[in-house]
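Participant: Chains U, D and Z, in that order, are what the protein sequence lines are. Heads up: the first sequence at position 111 corresponds to 111 in this note's numbering, and the numbers run straight through without jumps. Heads up: the second sequence at position 49 corresponds to 49 in this note's numbering, and the numbers run straight through without jumps. Heads up: the third sequence at position 130 corresponds to 130 in this note's numbering, and the numbers run straight through without jumps.
Hints in this document: simulated from the structure, not taken from any laboratory. In this text, all values refer to a predicted model and were calculated from it rather than measured experimentally. Watch out, some of these pointers could steer you wrong.
Unchecked claim - Computed list of chain Z residues with no C-beta within reach of chain D, every gap over 12 Å: (1) 58; (2) 71; (3) 282; (4) 360; (5) 404.
What the hints assert, rightly or not - Here chain D is said to cover these stretches of chain U; the calculated rule only asks that three of the stretch's residues, wherever they fall, bring their Cβ under 8 Å from a Cβ of chain D: (6) 52-58; (7) 90-98; (8) 230-240; (9) 275-289; (10) 294-300.
Claimed, not checked - Derived Cβ-Cβ restraints for the label pairs, each shown as a range: (11) 315(U) / 42(D): 47 to 55 Å; (12) 88(U) / 383(Z): 50 to 58 Å; (13) 35(D) / 163(U): 46 to 54 Å; (14) 438(Z) / 67(D): 37 to 45 Å; (15) 165(U) / 325(Z): 15 to 23 Å; (16) 249(Z) / 88(U): 33 to 41 Å; (17) 30(U) / 92(D): 26 to 34 Å; (18) 28(U) / 92(D): 52 to 60 Å; (19) 325(Z) / 161(U): 27 to 35 Å; (20) 146(Z) / 161(U): 19 to 27 Å; (21) 96(D) / 227(U): 48 to 56 Å; (22) 42(D) / 168(U): 17 to 25 Å; (23) 200(Z) / 304(U): 51 to 59 Å.
Using N, Cα and C, we set each Cβ at its ideal position, and we do this for glycine too.
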Amino acid sequence: MSAISELSSLRSGSRRSRTPEEKAALRRENTRDNKAAYLFLIPWFIGLVVITMGPLIASLYLSFTRYSLLQPPEWIGVQNYVDMLGDTRLHNSLKTTFVYVAVGVPLQLAFALLVAVVLDRGMRGLPLYRSVFYLPSMLGGSVAIALLWRQMFGTEGLVNQVLGLVGIESTTGWVSDPSYALWTIILLHVWTFGSPMVIFLAGLRQIPAMYYEAAAVDGATRWTRFRRITLPLLSPIIFFNLVLQLINAFQSFTQAFVVSAGTGGPADSTLFYSLYLYQKGFAQFQMGYAAAMAWLLVLIVGVLTAVNFLLSKYWVFYDD
Amino acid sequence: MTELQESAAPRTTTPGAKQAAGPGRASRTARSWVKHLVLIAVSILMIYPLLWLVVSSFRPTEVIFRTPGLWINELFTDNYTDGWTALARPFGHYIINSGIVVVGAVVGNLFACSLAAYAFARCRFRFKTLWFSIMLVTVMVPIHVVLVPQYILFNNLGWVNTFVPLILPKFLATDSFFIFLMVQFIRGIPRELDEAARIDGCGHGRIFLRVMLPLMGPALATTAIFTFIWTWSDFFTPLIYLTDPNAYTVPVALRSFLDATSGSNWGAMFAMSVVTLVPLFLVFLFGQRFLVKGIATTGGK
Amino acid sequence: MINADVNPATPNPTTTRRGLTRRQAVTTLAATGSVAALAACAPGSSGGSSGGDGGGGTLRVSTWGNDSRLKLTQEAAAAFEKANPDIKVTIENTEWTAYWDKLATGTAANDSPDVIQMDELYIAAYGTRGALLDLETVSDQLDLSDMNENMRETGVVDDTFVGAPIGTGNFSVGVNPVLLEQAGVPMPDDTTWTWDDFADIAAQVSTALGAQGIFGFDMFGAGTAELGSWVRQFGQEVFPREGETPVEVDTVTRFFEYANRLIEIGATPPASIQSENTSAALDATLFATNRSAFHLQFHTQISAYAAASGNTLQLLRLPAQSAGESPRMVNKASMYWSIASRTSQSENAAKFIDFMLTDPAATTILTTERGIPAIPAVQEDILPALSPQGTIALEFTQEITSEVVDPPQVTPATASAWNTDFPTIGTEVIFGRTTPAEGAQRTVSTAESLL
């Protein structure tokens, strides 16, 4: 899909008239490119054929079957997909997931970018700060974090204690009340902003310092430098984070799973799509249905990603 | 890009004038202090869970949930000694298992993903769009539905209960995340560099080895660090593929202390979590040095 | 069999080396895909479930539980190995949730362990789908004729004996005597008490100790076991067998109304705290941390709560609907030992289970770790080895033996969703997002849809 832009540039390039020699050279180069590319891609192709593709196709096949895991699958056509139309828990879980993605992803990315820019250079102790800021993500979906989260946002937790200090008496159990539980998971997601932060940091390193020096000489303000240099030069990385975080957030599972002890509760308020899919597949032995759910997710995420790639033409700048 | 060139092109204004009008030295130090203070405050928020983890690991299990707060009156170290020996093998055994898996995974990802990424970023070839789309689709499918077919596959290959299902896929570039990551980084590297190498007579192999790899420092470091941390803390894959308790990796071993139905040995779990976090933290603390060695410092362009 | 399958599943890698044409690629992909799918279709072409490890004489035993249970199990397994030098045993232990993921995956791939620790919730799901061996076929090695007949029946699914009950669990009231004393509330007489008495007593405790954040009763209304016990007292069942009365909406409405009344009079904490308590780790719950005087549970869990709370805890019968009525308690199997239907070592597996259930060399190590043994002679054997808390649990079971009614059928194969579906409804009711009547309606229709 990144090749969409590539293809269009190729097409526009071919409109220019070329001399026969140029064309021959281009063809030679293309053949060489073609050969080299497939050589470079050998491990990936083997992986695709041997490891990735089989299970993928199998799951697509299973989505048209009734499959209890314990008995052979039984072909039922599109029944699973039809059943999904009437599954209110599924619709709810989609809604929950959309809210999570729409709020969590932009917030987390903005926060990660901000911190990355602050921790980029020009200060003492940066390695330590970076490590400390990355810590929560390192603990990530661990059971310890889940316990801690439930404690911090519990009825007698740190959050309510702090609220009490500023004069707000609160006995809300933020994690256990269906009205707030989702928001604590979103907060947890934002708080574990370490991975995109590290990727941004690495991206910032790719920007030649001379641009900034030149701009400083020019008298550009910090904001101008950020907007005119950092943002455009970092755009491929921002784009990467956006695409991947979106894909990952739609599949978000671990955090809600550990915090709600696998239930998606209270009262389904943190029942993410993947969590529901998992419950269907493993706890209720409806792997065929789970597979159908998975492919609906692939469709949704695939479309959104494609849109992302189309829009990227307008704001992502490549140097090639 | 045009925007950038406008702003980046050095104009011929006198540099000194602007500097002199800027803030004085004293106020700059003050600002740096403020910055540090803010960062330290946020750091505390970030580090709070770790503190809680460490403190809890020095408390007897039955006290952990009865006492809030971070103060400990006496240092209770039994969790560490008990935790180390509580399972079938000393805990070091599981750390070594994890170590083997992690090293394999890191090497595999660096090798295979960088190759694939180079092809996607720098070569023109047939069906590129198609292959790239397929690569992205493979990360969109939730793991839980491909797990069973994959297990059947690996079981038929006789790989279950070995480290092969945890390591080999990395050598076959199945982590699309890192391929895409590297693609984006490579595309950020100016093309003139490989054009120059090509004019010097380099083929793709040499351009990749001599030009790209050195310039991809930050991307490779990111890949290595993430692979290390994610593989180290991955619970589900080793859980499913390793049935022999002697082959357990750290996260699986850690869960052995827990059981929702029969009560858990939290003290030991926290103590061993702290022990196994140390390598992670060190890897990040030192690994990020390589993040810093980018094109900016190697003086490219 | 393993070797035979390798070839079709690994397409010769050299075909991908040269520039792969689109058609070649597609055919190859389809080939692997279909192979994997086919493998998924037919998990059981022949015996040999101990595939992965290759060790012919090794018996794979899968269990869930914490490290202390694992240690006891390993000691008992070592005793078994000593008594049967030709059999080697590997204990594959995992915590509860992960256990079922792993078991399902392994079973689907024809790679399940030989001996499987089973739970009431899943035994029908596995048993009716042919994943478990009929234990009658190995009755020479596994003789359970001494077991309480009612208890043995709970391991029968679709007329097949697929699970040997390890022990008895009685859903009952756990009580913290220290808190009762602090509150100045006398220990209730559980032979006569009703749910109304219970509510009053719990409210008294909350009133007396509320300032210290202590409640009388920790939670009620969103648990499947308490609902089951409640409707049984009306002579109904959530999942009735042939001839049993299905649950009525009115019964569940009263259940939810009672749950809400408990909150109103302060007997139980607000919904928010209750919901928090549901998902908390056992050791962090109100009852385990001495912040609630009463708690409903399967009675052998009392040891875990006692260990966490640091107090000796007592057990009481469930309250009845009205004075003089029976609380209609039941003996449920706390867990089962099952054998994978595709095991190649069914006799060794049966020997192992028999040893674990009846041989003093194992039972005196395991004691009540997995429930109160359902064989009277074994109960005698283990008595000297029991902790005071374990003795309390054992004596409780013996005391109510004459009063219990027939146990309900195990959770039906199609109803594994019940333990997530019902708590969702119950939680909505106690939070006031649904009325008791609506909740009851939904409960009954959900139960019906799962049958």
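Participant: Lying within 51 to 59 Å: is that true of the beta-carbon distance residue 200(Z) to residue 304(U)?
Facilitator: holds (57 Å)
Participant: Using Cβ atoms and 12 Å as the threshold, tell me whether residue 58(Z) really stays out of contact range of chain D.
Facilitator: Not fine: 9 Å to the nearest Cβ puts residue 58(Z) too close to chain D.
Participant: Okay, the stretch 275-289 of chain U and chain D, do three or more residues pass the C-beta test at under 8 Å?
Facilitator: As far as the stretch 275-289 of chain U goes, the hint holds, because 5 residues have Cβ atoms under 8 Å from chain D.
Participant: According to a criterion of three or more residues whose C-beta lies within less than 8 Å of a C-beta of chain D, is the stretch 52-58 of chain U covered?
Facilitator: Held - the stretch 52-58 of chain U has 5 residues with a Cβ nearer than 8 Å to chain D, which meets the minimum of three.
Participant: Counting residues of the stretch 90-98 of chain U whose CB is closer than 8 Å to a CB in chain D, do you get three or more?
Facilitator: Not satisfied, violated; 0 residues make the cut.
Participant: Honestly, do residue 146(Z) and residue 161(U) meet the 19 to 27 Å range at C-beta?
Facilitator: violated (57 Å)
Participant: Take the C-beta atom of residue 438(Z) and the C-beta atom of residue 67(D), compute their distance, and say whether it sits inside 37 to 45 Å.
Facilitator: Holds - the Cβ-Cβ distance for residue 438(Z) and residue 67(D), about 41 Å, lies within 37 to 45 Å.
Participant: Does the stretch 230-240 of chain U contain three or more residues whose Cβ lies closer than 8 Å to a Cβ of chain D?
Facilitator: holds (count 6)
Participant: Check the non-interface label on residue 71(Z): least C-beta distance to chain D beyond 12 Å or not.
Facilitator: violated (8 Å)
Participant: Assuming the hint says 15 to 23 Å, is it satisfied by the Cβ distance from residue 165(U) to residue 325(Z) or not?
Facilitator: violated (51 Å)
Participant: Do the beta carbons of residue 315(U) and residue 42(D) sit within 47 to 55 Å of each other?
Facilitator: Distance hint for residue 315(U), residue 42(D) is violated at roughly 29 Å.
Participant: Confirm or reject: residue 282(Z) is not an interface residue toward chain D, with every Cβ-Cβ distance exceeding 12 Å.
Facilitator: violated (5 Å)
Hint compliance for this structure: hints 1, 2, 3, 7, 11, 13, 15, 16, 17, 19 and 20 are broken, all remaining hints hold.
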